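Undergrad: Put the two chains together into one complex, using the hints given.
Taken in sequence, the protein lines are chains S and V. Residue -14 is where the first sequence starts when you use our numbering, and the numbers rise one by one after that. Residue 9 is where the second sequence starts when you use our numbering, and the numbers rise one by one after that.
One or more hints might be untrue.
[Claimed, not checked] As a list, the in silico DSS-like pairs of lysine-lysine whose alpha-carbon atoms are at most 27 Å apart:
id, chain 1, residue 1, chain 2, residue 2
1, S, Lys42, V, Lys22
2, S, Lys41, S, Lys83
3, S, Lys83, V, Lys22
4, V, Lys78, V, Lys17
5, V, Lys65, V, Lys17
6, S, Lys55, S, Lys83
7, V, Lys65, V, Lys78
8, S, Lys55, V, Lys65
9, S, Lys21, V, Lys22
10, S, Lys21, S, Lys44
11, V, Lys79, S, Lys83
12, S, Lys83, V, Lys65
13, S, Lys83, V, Lys17
14, V, Lys22, V, Lys65
15, V, Lys78, S, Lys83
If you're looking for bench data, these hints aren't it; they were derived computationally from the structure. As the structure is a computational prediction, the values presented were derived from the model and not from experiment.
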Amino acid sequence: GQQVMQIPQYQHVQEGEDFTTYCNSSTTLSNIQWYKQRPGGHPVFLIQLVKSGEVKKQKRLTFQFGEAKKNSSLHITATQTTDVGTYFCAGNTRNTDKLIFGTGTRLQVFP
Amino acid sequence: DGGITQSPKYLFRKEGQNVTLSCEQNLNHDAMYWYRQDPGQGLRLIYYSQIVNDFQKGDIAEGYSVSREKKESFPLTVTSAQKNPTAFYLCASSYTGQPTDVLTFGAGSRLTVL
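Pulled out of the complex, with its shape left as it was, chain V reads as follows (with noise of 0.2 Å):
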């Protein structure tokens, strides 16, 4: 079956550590996006991705990094930097990047700060 994977789909960390959550989409999917979600705020863009080893920030970006070697694959690395990174995130894709896309959106990774 088609979908995206997201892992781990629950992740405890350190303060001061840095953490990478996957995304591997077999849609192909020219764009992938990543997201955060919190209580009350809705889903805010950290990145996105319309072509392999490309990429744009997104409102929030601060505090994140992203690669795109593989157009099936788009991780997300939570760093150190990131003030508040305890959330929810979610990893989507479309087939073109277009605004008119459909988002199809993995299971979601929790990430919590200890």
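Bound conformation, chain S alone (with noise of 0.2 Å):
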């Protein structure tokens, strides 16, 4: 079936280096969303990509979807103690009606 895969699972970073997690697809996907859980909370809505190439940005995060849609990269410049959490991905394709999640990415920043 389809599989939604992100690396790093983990990451820990120092306050203030860049972080990046990688979302792979092992079919084309009609969009993708991203998703934030802070330690112990629900996942939050953080963005929606759609189109091919797409690149959104939200302050420090830069949200961007591949060329063929298989892919999807979440890049957070110069990190906060406020970014820890877990990062997942979400996409569907033209044969489902649901979203399948990725894996997760958890972040973990150090002051």
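TA: What follows is the structure in structure tokens.
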């Protein structure tokens, strides 16, 4: 079945360093969404990408959808301790009517 | 404030017992979902419903049951047939159930089987 993998599984960075998580699908995606889950919390929607090659920015966060619509990335510039949490991508294909979540990347930021 | 309320937040159960997790939303969303979260495995879909009195199995429906008698409510029953029920359960809703919908999640229910 369709799989959505994320790498890395864990990432520890020093505050101020950059961070990137990558999301890869075995099939072409119609759209991709990104969610953030703080420790002990629930996932919260960040952004949705729909177009091939699309790039969106939210302050220090940059989201990209690959040209082939099979991969996506989230880049955080100059991490802060408030960025701590697990970041999930989620996508679906033309053949499915539900989102498939990636395995998540857990980010730890040391002050 | 609009949102999703899950209860209980923590639940302990003995093996062989059924347990029902509550999920209520006041967002006027048509679609509701139940996900299971285990460490390192992301979110896996258990059941979802796009309309009252109708629901569909997700990827890991075995050992679970749901009902959708009201638009606002989508309770999940974890039955004794579920072999490894200890997990964090998340309820979510979306406006219409279309793939491009944004999901709004509840705070979750953590079930521990003793």
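Undergrad: List in ascending order the numbers of the hints, as given earlier, that are violated by the structure.
TA: 1, 3 and 9
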